[in-house]
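Residue numbers (the numbering used here), protein chains in the order written: chain A, 3 to 311; chain B, 3 to 311.
No lab work stands behind these hints: they were computed from the structure.
Just so you know, not all the hints are guaranteed correct.
Which copy? The list can't say, so a pair holds if one copy fits it or any two copies do.
[To be verified] 25 Å max Cα-Cα, derived SDA-like pairs, lysine to any residue: (1) 163 / 147; (2) 47 / 209; (3) 47 / 96; (4) 70 / 33; (5) 163 / 149; (6) 118 / 41; (7) 163 / 185; (8) 163 / 134.
Quick caveat: nothing in here was measured; it's all calculated off a predicted structure.
Here are the chains, one letter per residue:
2 protein chains.
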Amino acid sequence: MAERGRGWARAVRGLLLDVSGVLYDSGAGGGVPIAGSAEAVRRIKASGLKLQLCTNETQATRENFVRKLQAMGFDVSAAQVTAPAPAACRLLRERGLRPHLLVHDDLVPEFAEINKTNPNCVVLGDAAENFTYANLNEAFRLLIGMEKPVLISLGKGRYYKETDGLKLDVGAYMKALEYACDVQAEVVGKPAKTFFESALAELGVPPEQAIMIGDDIVNDVGGAQQCGMRALQVRTGKYRSSLTAFLGLCLPASFPWTSVGSQDQHTWRGNPLKTSAAASPTAPLAPAEHHFGLAAFPSLHPASHGNKP
Amino acid sequence: MAERGRGWARAVRGLLLDVSGVLYDSGAGGGVPIAGSAEAVRRIKASGLKLQLCTNETQATRENFVRKLQAMGFDVSAAQVTAPAPAACRLLRERGLRPHLLVHDDLVPEFAEINKTNPNCVVLGDAAENFTYANLNEAFRLLIGMEKPVLISLGKGRYYKETDGLKLDVGAYMKALEYACDVQAEVVGKPAKTFFESALAELGVPPEQAIMIGDDIVNDVGGAQQCGMRALQVRTGKYRSSLTAFLGLCLPASFPWTSVGSQDQHTWRGNPLKTSAAASPTAPLAPAEHHFGLAAFPSLHPASHGNKP
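Extracted from the complex, chain A is given alone in its bound form (with noise of 0.2 Å):
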């Protein structure tokens, strides 16, 4: 059964990383790298395999996004960022948009092109301090003046960790406009599958040879495997077990990942974003201690472990 779950590993060529939680935790001063991270990342490309990073990081352009995790001590470039803002200007543009923004404010040059005069859109990022009473209820005016409200969400993500605890993330007040407004956000980012398919598009690697490492269920996990994608869940980030054991995933204690698969037999419980409640696990979580990262992840791939027994 080892040998089995190990065949579908031997296929893969790329992977798609979620960046925060994964490399590092967000935070003040620019946050913290996870311990190992930096050296997996060398790793995992010495080994040879693809690497795009999917993220729905929406507090800085791609650019200072990417310079500050080459501070941190990741060989990565701009190019193998797959991020909303980018995203988003596209279906603006296609659609002939006009955004007012509810974004934090290193991320506005990413619109510097569009046209944002007369505005006929609301587009909503991670705006963290902007989210101010003044400014929600501003963009809460503008829809709800809309014939047609159109409100684009850069992630619907509920929370995500900085170094001194959690954090709201854009779903929370997406939600609170949707209600207000009666409307429902289109999604660009995590778990949109047009973004996972763009990501993938970077990546040149079809999704049956890629996996998707994350820290969210919903986001990382339940999107890419939307998009027929294996994924994994690593446990540093947001991880908590308790949202885990409450979608019903189960896991044996000794296993580094919390790995979710909806088309190895081998792997644990479906679709987290099908999975109700009442699926309880077979088997206990590991406790809280068990928190393995990304540092973990050669331990899985085929080529250290392809060639033994």
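Based on these hints, arrange chain B on the given structure of chain A.
What follows is chain B alone, placed relative to chain A:
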């Protein structure tokens, strides 16, 4: 048909009145009374009808709220106000809950007698400018850290009207925390059935002999109907014809009220909480200039019209 339609009105002995959008529009400097409403309250009282204000106001203590209304010329007393904060205090005491408050500064004195050390729940009101990212994040962290998060929301309104425009109400922020923490809030205030029952008890009139009058189709009209009351929607405050049309209501353009009855065959389409958008109106709504408010009330009341043919 007109005669039969007036039959139920003869049995009416008491009125529950929403306040913001019916008696006055809130805003900078306390807001402004809606033309004719103070006179209408006087006429209603002179007619012998009992009167109770049934409000989701959570930006002031009940005493200060009444002082403001009196200064605007409304003949009302604190005993005639049913508001969420006193109801929440009863609930907190009954269940031994110690709240973390995310409410308007002016509401805090309502909770003076409540133990707030080592919080085991969050109470959310219309905090307005207090809805900063830092404050919402603090409430989120407390909730997500609880074994069984308890979120109590003083109402679930989407928005309300102030003199300078529409404002986001507590419901939007309730939805944000519900989503982030994967919990369901307990709503104290309209449209909760227990809240209407308290208001009726204070009014001293059974539901079938009372009418709720408000500007909110869900929280005033729908909530009252769930409690077995008839309800009327004024076209002042946040009333928007498009929303009523969306909910599938229809009414003659000449009628000064948006009237919705669950028990009377001669009023209009049923419960807005159960009416789908697919039920298209059989008569188009009156255009926006038909903004009739509380001032028009006595034209419907038997005390002034009961003995006309």
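How would you label the pair residue 163, residue 185 (within, between, both, or neither) given a Cα cut-off of 25 Å?
-> between (28 Å within a copy, 19 Å between copies)
Given a CA cutoff of 25 Å, do residue 118 and residue 41 count as a within-copy pair, a between-copy pair, both, or neither?
-> neither (42 Å within a copy, 47 Å between copies)
Check residue 163 against residue 134 for me: Cα-Cα at most 25 Å, and say if that holds within a copy, between copies, both or neither.
-> both (20 Å within a copy, 19 Å between copies)
If the cutoff is 25 Å on CA atoms, where do residue 163 and residue 147 land: within, between, both or neither? Let me know, please.
-> between (35 Å within a copy, 13 Å between copies)
When no copy is specified for residue 163 and residue 149, does a C-alpha distance of 25 Å or less occur within a copy, between copies, both, or neither?
-> Intra 37 Å, inter 19 Å, cutoff 25 Å: inter-copy only.
Given identical chains, is residue 70 near residue 33, meaning Cα to Cα at most 25 Å, within a copy, between copies, both, or neither?
-> within (9 Å within a copy, 49 Å between copies)
Give the relationship of residue 47 and residue 209 under a CA distance limit of 25 Å: within one copy only, between copies only, both, or neither.
-> Within one copy, since 19 Å is at most 25 Å while 72 Å is not.
Could you figure out if residue 47 and residue 96 sit no more than 25 Å apart (CA to CA) within one copy, between two copies, both or neither?
-> neither (35 Å within a copy, 60 Å between copies)
Hint compliance for this structure: hints 3, 6 are broken, all remaining hints hold.
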